[in-house]
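Q: The lines below spell out each chain.
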Amino acid sequence: MAKMTLPFGPQHPVLPEPIHLSLTVEDEIVTQAIPALGYVHRGLEKLVDIRDFNQMVQIVERVCGICSKIHAMCYVQGLEELMKVDVPPRAKYLRVMWSELHRIHSHLLWLGLFADAFGMESLFMQCWRIREKIMDINEATTGARVIVSVNVVGGLRCDVDDTQTRWILSELDEVEREVRRLESTFVNDYTIKKRTCGIGVLSAEKALELGAAGPTLRGSGVAQDMRQLKYAAFDSIDFEPVTALDGDSYSRMKVRYYETLQSIDLVRQAIAKMPDGDIAVKVKGRPEGEILSRVEQPRGELFYYIKGNGTKYLDRVRIRTPTFANIPPLAAMLPGIELADVPIVVLSIDPCISCTER
Amino acid sequence: MSIETIPAALDTIVGEVVKMKAQEARFLTMTAVSLDEKTTELLYTFDQDLVMTHYRLTVPKDTHVPSISPVYFAAFLVENEICDQFGVVFDGLVLDFGGKLYLDEEAQRTPFCKFAVTRKEKA
Amino acid sequence: MPVSVIKDFIEKSRLKSPWLVHFDCGSCNGCDIEVLACLTPLYDVERFGILNIGNPKHADMLLVTGTVNHRNKKVLKNLYDQMPHPKVVLALGACGTSGGVFREAYNVVGGVDKVIPVDVYVPGCAVKPEAIIDGVVTALGRLAEKRAEASASAKE
Numbered sequence: 024m025a026k027m028t029l030p031f032g033p034q035h036p037v038l039p040e041p042i043h044l045s046l047t048v049e050d051e052i053v054t055q056a057i058p059a060l061g062y063v064h065r066g067l068e069k070l071v072d073i074r075d076f077n078q079m080v081q082i083v084e085r086v087c088g089i090c091s092k093i094h095a096m097c098y099v100q101g102l103e104e105l106m107k108v109d110v111p112p113r114a115k116y117l118r119v120m121w122s123e124l125h126r127i128h129s130h131l132l133w134l135g136l137f138a139d140a141f142g143m144e145s146l147f148m149q150c151w152r153i154r155e156k157i158m159d160i161n162e163a164t165t166g167a168r169v170i171v172s173v174n175v176v177g178g179l180r181c182d183v184d185d186t187q188t189r190w191i192l193s194e195l196d197e198v199e200r201e202v203r204r205l206e207s208t209f210v211n212d213y214t215i216k217k218r219t220c221g222i223g224v225l226s227a228e229k230a231l232e233l234g235a236a237g238p239t240l241r242g243s244g245v246a247q248d249m250r251q252l253k254y255a256a257f258d259s260i261d262f263e264p265v266t267a268l269d270g271d272s273y274s275r276m277k278v279r280y281y282e283t284l285q286s287i288d289l290v291r292q293a294i295a296k297m298p299d300g301d302i303a304v305k306v307k308g309r310p311e312g313e314i315l316s317r318v319e320q321p322r323g324e325l326f327y328y329i330k331g332n333g334t335k336y337l338d339r340v341r342i343r344t345p346t347f348a349n350i351p352p353l354a355a356m357l358p359g360i361e362l363a364d365v366p367i368v369v370l371s372i373d374p375c376i377s378c379t380e381r
Numbered sequence: 013m014s015i016e017t018i019p020a021a022l023d024t025i026v027g028e029v030v031k032m033k034a035q036e037a038r039f040l041t042m043t044a045v046s047l048d049e050k051t052t053e054l055l056y057t058f059d060q061d062l063v064m065t066h067y068r069l070t071v072p073k074d075t076h077v078p079s080i081s082p083v084y085f086a087a088f089l090v091e092n093e094i095c096d097q098f099g100v101v102f103d104g105l106v107l108d109f110g111g112k113l114y115l116d117e118e119a120q121r122t123p124f125c126k127f128a129v130t131r132k133e134k135a
Numbered sequence: 002m003p004v005s006v007i008k009d010f011i012e013k014s015r016l017k018s019p020w021l022v023h024f025d026c027g028s029c030n031g032c033d034i035e036v037l038a039c040l041t042p043l044y045d046v047e048r049f050g051i052l053n054i055g056n057p058k059h060a061d062m063l064l065v066t067g068t069v070n071h072r073n074k075k076v077l078k079n080l081y082d083q084m085p086h087p088k089v090v091l092a093l094g095a096c097g098t099s100g101g102v103f104r105e106a107y108n109v110v111g112g113v114d115k116v117i118p119v120d121v122y123v124p125g126c127a128v129k130p131e132a133i134i135d136g137v138v139t140a141l142g143r144l145a146e147k148r149a150e151a152s153a154s155a156k157e
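Protein chains in written order, with the working numbering: chain A, 24 to 381; chain B, 13 to 135; chain C, 2 to 157.
A hint or two may mislead.
Said to hold, decoys possible - Calculated pairs, DSS-like style, for lysine-lysine (alpha carbon to alpha carbon, straight line, at most 30 Å):
id	chain 1	residue 1	chain 2	residue 2
1	A	Lys69	C	Lys74
2	A	Lys229	A	Lys216
3	A	Lys26	B	Lys112
Stated by the list, open to error - Label-pair ranges, simulated between beta-carbon atoms:
id	chain 1	residue 1	chain 2	residue 2	range
4	B	Ile18	C	Lys75	43 to 51 Å
5	C	Pro3	A	Glu194	35 to 43 Å
6	B	Asp74	A	Asp288	53 to 61 Å
7	A	Ile52	C	Lys13	44 to 52 Å
8	C	Glu146	A	Asp196	46 to 54 Å
9	B	Asp116	A	Gln78	24 to 32 Å
10	A	Glu194	C	Pro118	54 to 62 Å
11	B	Lys33	A	Glu194	27 to 35 Å
12	B	Asp116	C	Glu146	53 to 61 Å
13	C	Pro118	B	Asp74	40 to 48 Å
14	B	Lys31	C	Ile54	50 to 58 Å
Calculated from the structure, these hints are not laboratory results.
Glycine included, every Cβ here is placed at the ideal spot set by N, Cα and C.
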């Protein structure tokens with residue numbers, strides 16, 4: 024059969040977000056995939072000209088609504104290092120707690136969407152039902168479900184008390200029990216294996232060469248996780264990156280599933296080791312100089328470049344988000360697979376387009 | 013405070029990048045900063061076992077920069093982005109969106125550039 | 002059963018169980034995941050027959066999240082034009098209603114009402130599922146009004 028070019032997206036029933044792929048197919052087999060972006064580009068890096076460095080915390084939180092806390096954490100950690108601010112230890116542990124709660128909710132969200140992509144609607148509902156418990160914790164401790172806005176330069180905006188931590192722990196027990204109940208389905212189910220094993224394979228060498236990040240990289244067997252950099256309180260928390268070896272969609276799903284369980288454990292550790300004390304220090308001065316900051320987002324490695332000039336307005340904030348890094352690997356994974364598997368492979372990198380385009 | 017960087021020049025940058033690839037470093041990203049009306053600074057960042065290496069390249073606004081996307085395919089997205097936002101032209105891009113990766117015709121061109129207005133005296 | 006009874010029945014169910022199409026304009030995803038959360042077990046609007054469908058030609062309501070930019074405004078207009086009459090538009094979240102924190106960014110046109118007429122504005126950043134459901138219920142009133150207007154002009 025002759026070659027044909029099919030547009031995929033931007034508004035497509037299986038895509039939660041607008042990305043456009045132009046797929047060249049030959050007899051149902053994809054031979055080339057070219058991504059096109061720009062449907063959610065806002066240009067918020069440019070807002071540094073009119074918003075000062077404290078106000079920018081609220082802007083960078085809105086780069087992405089799913090991992091907003093982690094964006095803000097990366098930004099304020101960079102600024103704190105630049106301005107030589109010592110954050111109180113309690114704030115560091117609380118940052119770990121909230122960022123891991125974000126990871127749990129993001130991974131459950133993705134597991135649900137992935138289940139929906141291969142037609143398991145009730146599994147989608149189950150994941151999202153469990154996720155609501157995490158959203159309740161967010162709402163009870165910070166006042167908002169999605170954009171929690173807890174970080175400020177120099178620490179945190181709000182604290183949790185003992186009653187709340189006890190309640191969080193009991194809710195997490197419940198979440199863990201429910202997530203474990205899904206293990207046999209996600210890991211052993213025949214249909215899921217049939218749809219995901221060997222689909223969209225990315226070898227470890229290829230993943231490194233194409234600059235993959237996060238679960239996409241770890242699903243190919245490379246144990247690299249920015250939490251190994253020991254930012255915030257990760258220096259005193261036991262942590263081992265989760266990996267899987269096959270590099271296919273199934274491996275990436277397994278990594279995210281086991282990271283959900285791992286994050287529950289990390290929240291418990293953070294709460295157990297959390298010292299008493301202040302949660303913020305007063306910040307004096309203006310940022311000057313340049314700094315790089317990296318943290319691990321649910322989707323992978325997040326990179327911020329911040330340049331200050333001694334005034335309250337920064338010169339430049341550059342955000343490199345994990346999906347931005349994962350799009351070239353996606354373009355390399357798609358050739359050779361069947362057209363019907365495209366949604367699964369696209370979803371398997373956990374695309375977050377609003378992150379990518381900012 | 014400033015980060016440690018290795019200075020690079022227009023004719024050496026591709027060679028340095030090829031060397032990084034031979035060491036199996038992972039390409040992280042490129043960062044462009046508009047220094048003043050005439051120069052743009054490009055920062056090439058690589059990662060190897062959680063340690064970052066940076067190359068700094070300062071180019072005048074009207075010069076073409078050799079693309080590193082033939083070496084690291086992953087660089088095509090970020091080079092197109094810089095082309096959109098800063099108007100830097102890369103030679104030899106594997107996938108060239110022609111300055112329209114993000115921006116449509118109606119939008120402001122090269123929004124990140126700093127411009128200087130010079131008034132010409134009447135002859 | 003006489004035809005008029007069936008017609009009344011369809012009319013009534015259309016006004017109680019609208020089908021929605023959701024379009025992410027330039028949202029940060031915060032509002033999008035809350036729209037999806039409305040459909041999941043805790044809020045579960047599907048039990049009232051309110052469905053989220055991908056096809057604009059099946060939809061009565063258009064839910065738009067996020068700011069409009071120069072590229073997606075054509076897609077938004079296109080989607081709106083494809084929907085059958087009567088239709089209502091909900092702008093969700095601070096960005097959808099006014100442009101939010103991004104209103105001064107270079108690639109942002111503004112709120113949804115810069116491109117298509119909006120019937121219900123739902124504030125919040127991110128908008129809460131309760132607020133979305135409230136907005137949809139308010140929009141049902143607008144849908145009934147538009148329906149009545151349409152049938153009145155058809156009789157004339």
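Q: The structure should be examined with respect to each hint, and the outcome stated for every one.
A: Evaluation of the provided hints:
Simply put, Lys69 of chain A and Lys74 of chain C have alpha-carbon atoms about 21 Å apart, close enough for the 30 Å limit, and the pair holds. Restraint check for Lys229 of chain A and Lys216 of chain A: satisfied, since their Cα atoms lie roughly 23 Å apart, inside the 30 Å limit. Restraint check for Lys26 of chain A and Lys112 of chain B: satisfied, since their Cα atoms lie roughly 26 Å apart, inside the 30 Å limit. In this structure, Ile18 of chain B and Lys75 of chain C meet the distance hint of 43 to 51 Å, their C-beta atoms being roughly 44 Å apart.
For Pro3 of chain C and Glu194 of chain A, the hinted distance range of 35 to 43 Å is not satisfied, since their beta carbons lie about 55 Å from each other. With their beta carbons about 55 Å apart, Asp74 of chain B and Asp288 of chain A fall inside the hinted range of 53 to 61 Å. For the pair Ile52 of chain A and Lys13 of chain C, the supplied restraint of 44 to 52 Å holds, since their beta-carbon distance comes to about 49 Å. Checked against the hint of 46 to 54 Å, the C-beta distance between Glu146 of chain C and Asp196 of chain A comes to roughly 50 Å, which is consistent with it.
About 28 Å separates the C-beta atoms of Asp116 of chain B and Gln78 of chain A, a value consistent with the hinted range of 24 to 32 Å. Range check, Glu194 of chain A to Pro118 of chain C: Cβ separation about 43 Å, and the 54 to 62 Å hint is violated. Between Lys33 of chain B and Glu194 of chain A the C-beta distance comes to about 47 Å, which lies outside the given range of 27 to 35 Å. Separated by about 36 Å at the C-beta atoms, Asp116 of chain B and Glu146 of chain C break the suggested range of 53 to 61 Å.
About 46 Å separates the C-beta atoms of Pro118 of chain C and Asp74 of chain B, a value consistent with the hinted range of 40 to 48 Å. Lys31 of chain B and Ile54 of chain C have their C-beta atoms about 53 Å apart, which keeps the hinted 50 to 58 Å range intact.
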